[in-house]
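Engineer: Spelled out from the first residue to the last, the chains are:
Number of protein chains: 2
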Amino acid sequence: MTIPPQLDIKPVLLLGPGPSDAHPNVLRAMATPLLGHLDPQFLSCMNQVQDMLRVVFRTKNALTLPISATGMAGMETCLVNLLEPGDRIIVATAGFFSRRMIEVAQRIGATVTVLEQPWGEVFDPQQIREAIAKERPKALGIVHAETSTGALQPLEEIGAICRETGVLLIVDTVTSLGCVPVEIDAWGIDAAYSCSQKGLSCPPGLSPVTFSPRAVEAMERRKTPEQSWYFDLTLIRKYLGSDRTYHHTAPISMNFALHEGLRLVLEEGVENRWTRHQKNHHALKAGLGALGLEYTANPKHQLPQLNAVRIPAGVDDVAGRKMMLQEFGIEIGGGLGDFKGKAWRIGLMGYNSRPSVVLLCLAALEQVLTRLGVKVAPGAGVAAANAVYAKQS
Amino acid sequence: MTIPPQLDIKPVLLLGPGPSDAHPNVLRAMATPLLGHLDPQFLSCMNQVQDMLRVVFRTKNALTLPISATGMAGMETCLVNLLEPGDRIIVATAGFFSRRMIEVAQRIGATVTVLEQPWGEVFDPQQIREAIAKERPKALGIVHAETSTGALQPLEEIGAICRETGVLLIVDTVTSLGCVPVEIDAWGIDAAYSCSQKGLSCPPGLSPVTFSPRAVEAMERRKTPEQSWYFDLTLIRKYLGSDRTYHHTAPISMNFALHEGLRLVLEEGVENRWTRHQKNHHALKAGLGALGLEYTANPKHQLPQLNAVRIPAGVDDVAGRKMMLQEFGIEIGGGLGDFKGKAWRIGLMGYNSRPSVVLLCLAALEQVLTRLGVKVAPGAGVAAANAVYAKQS
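Note that the protein sequences, when read in sequence, are chains A and B.
Take 1 as the starting number for the first sequence in this note's numbering and just add one per residue.
Take 1 as the starting number for the second sequence in this note's numbering and just add one per residue.
Please keep in mind that the hints were generated in silico from the structure rather than gathered at the bench.
Just so you know, not all the hints are guaranteed correct.
Identical copies look the same in the list; a pair holds intra-copy or inter-copy alike.
Stated by the list, open to error - Keeping only pairs whose Cα atoms sit at most 30 Å apart, straight-line, the calculated DSS-like set for lysine-lysine is:
id	residue 1	residue 2
1	391	322
2	223	138
3	391	342
4	238	340
5	322	238
Owing to the predicted nature of the structure, the values given are computational and were not obtained by experimental measurement.
Bound conformation, chain A alone (with noise of 0.2 Å):
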């Protein structure tokens, strides 16, 4: 074959559901030269990886750490480990996602009941405890922040329910980590998962998760093996224990990465980032308003990071996505499952939540949106989220 040349990528502004861009530190640190996987150097910057998700988490469980592959490995992870053959568990689903969970827990040989809502709502916590109730399951499954519709599940509630009834509760929090308020500890959320590049603005590869004490005595009390050994707690641990016991090696890169990604989000504080979030979402919100495009998610629980919003009647998905991204070099997502061709969706995550993305991003739609034959009042759009960021400040 002909070798190719070195690559020579056209930057793009990734405001999709994911990945988002990384932070240029981060990036730096992606070039940092190897370190053996049980070198004194590496194991301290675990050793801070692992207090710094405690943080981000807030959460005091012990068993948090990033598994060395992609955010839907932290799904199988957690199911993988909780779940064995014959366990009964529930799985709310309002989207995509939440599928995922019911398809992963049926290939552990898991009874699974499905309990639905439409794609956009959100479940009342009066909902899971009538499913709990009825089915008694071990674990709940359930999506904080389903990336494919923006909507935000409440799951304080839901916590508290799950406690009460002795059901582990199992939340995805793939979009919501770094962005909106999670709270393991606070909510009794007994296992998590999330990804390193959305919220916390590092490239996709690595999964973070949390296992309450509950959890791991749950892991504890198995009667079968873990069917994954990639992804077995029980031996992972041991690595990243006192003990080190070899299991794989550590994506040393992606650790670099991911610590950086953590260290900037503590420099600028948990809190403060949920509010960023909050302050460009409405700026977004305002001015995407203006331009004609509604949410497809109930306003009541809409995501500040991940904003979907219905393609214009007579607007083609494909069409516009492709114009964003020639013309503009911006990526923004086109709709998941029941909402493909139907909604875009755009990305405010981490990094990529700041004024001059919004700005940009509105002025290109106002221009996409014209040139495909919709009808726009001129500048409206960056007007509308201008006159939220002056109300802001």
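Dock chain B against the given chain A, drawing on the hints supplied.
Structural biologist: Quick look at chain B alone, frame taken from chain A:
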């Protein structure tokens, strides 16, 4: 908590069993700003990665791609996609990594027959033939280059036996790919997995795998779904195939790195790379011999890229490695499993297989051994290596 400062890593020359140093071009590629996982530029990068992997694996296999996790995930991918509960597999084991294959296969519910050889030895094809005749398994699992012992398992005849008897041949090429001949098609290998951080001189985080048409047919004839969702090749190949169905978010930066790592292999030429590994091994071997260090593997089957030697009597394993690391910034590996505390493992892999590395390693080892009380003829290691290089040129 106190926010840790930015990482400030003291560089280490990685001469252990892996990770080995990433090539400087690869580190630069790691810092490339991200793209979306469906961006046309990224999809073109992935197509080229797959094409280049086929060249390096010496195969026409359509199903050739990097799994989004480390080498051990490649092992799990091969086994979970090819084995169903109740299937029979023979695992030929003569070291640490083949023992892991047993455990992964058992967790699938496969019936495992273990064929053993002493650590450091290899299997005779006749042994394999007899075991297959007796057990009639679906698959045979074997390690090509055993990282724990430094032994290279010849595979050509074993491949022929597997073809003849209709057995699927699953091979661990974690330590061999990019260092010594790996001939997937010519040897009749049905499934192989490797890693990014050894012969390919990239950071750890990806596991290239390749499946023969025979292996793909076996996957398609399955009666039960793969127990792992994350490692399900039936789903993964839809993302890397023409329909680009979303499965997981590919680790973008790691794939940029692998693209560059593979490009460097192709620019050098796969066969030239094998020769280079041999040349530097001969020089190191002569030097280690002059320092009085004996190999643990049978010399007939010695890997050039992983030189496992017995620690001299009276020398403390940890003290020796610590001195190498602290005084010279060189990491060498300790022994694994049966060889723990008894062997050192010196890797010359990919970018690190070069004369300056060989000479520095021998010079530093001379000082360390002398300080630990071993009588070594001054300069003997370096002189012996230089004599070999003189003959080669």
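Engineer: Work down the list of hints and note, for each, if the structure agrees.
Structural biologist: Status of the hints after comparison with the structure:
1. In this homomeric assembly, residue 391 and residue 322 never come within 30 Å of each other (Cα to Cα): the closest approach is 34 Å inside a single copy and 60 Å across copies.
2. For a Cα distance limit of 30 Å, the shortest separation of residue 223 from residue 138 qualifies both inside one copy, at 14 Å, and across copies, at 28 Å.
3. Taking the shortest alpha-carbon separations for residue 391 and residue 342, neither the intra-copy value of 33 Å nor the inter-copy value of 70 Å comes in at or below 30 Å.
4. Proximity of residue 238 and residue 340 under a CA criterion of 30 Å is satisfied inter-copy only: 17 Å between copies versus 43 Å inside one chain copy.
5. Taking the shortest Cα distances, residue 322 and residue 238 sit within 30 Å of each other only across copies (22 Å), while inside one copy they are farther apart (47 Å).
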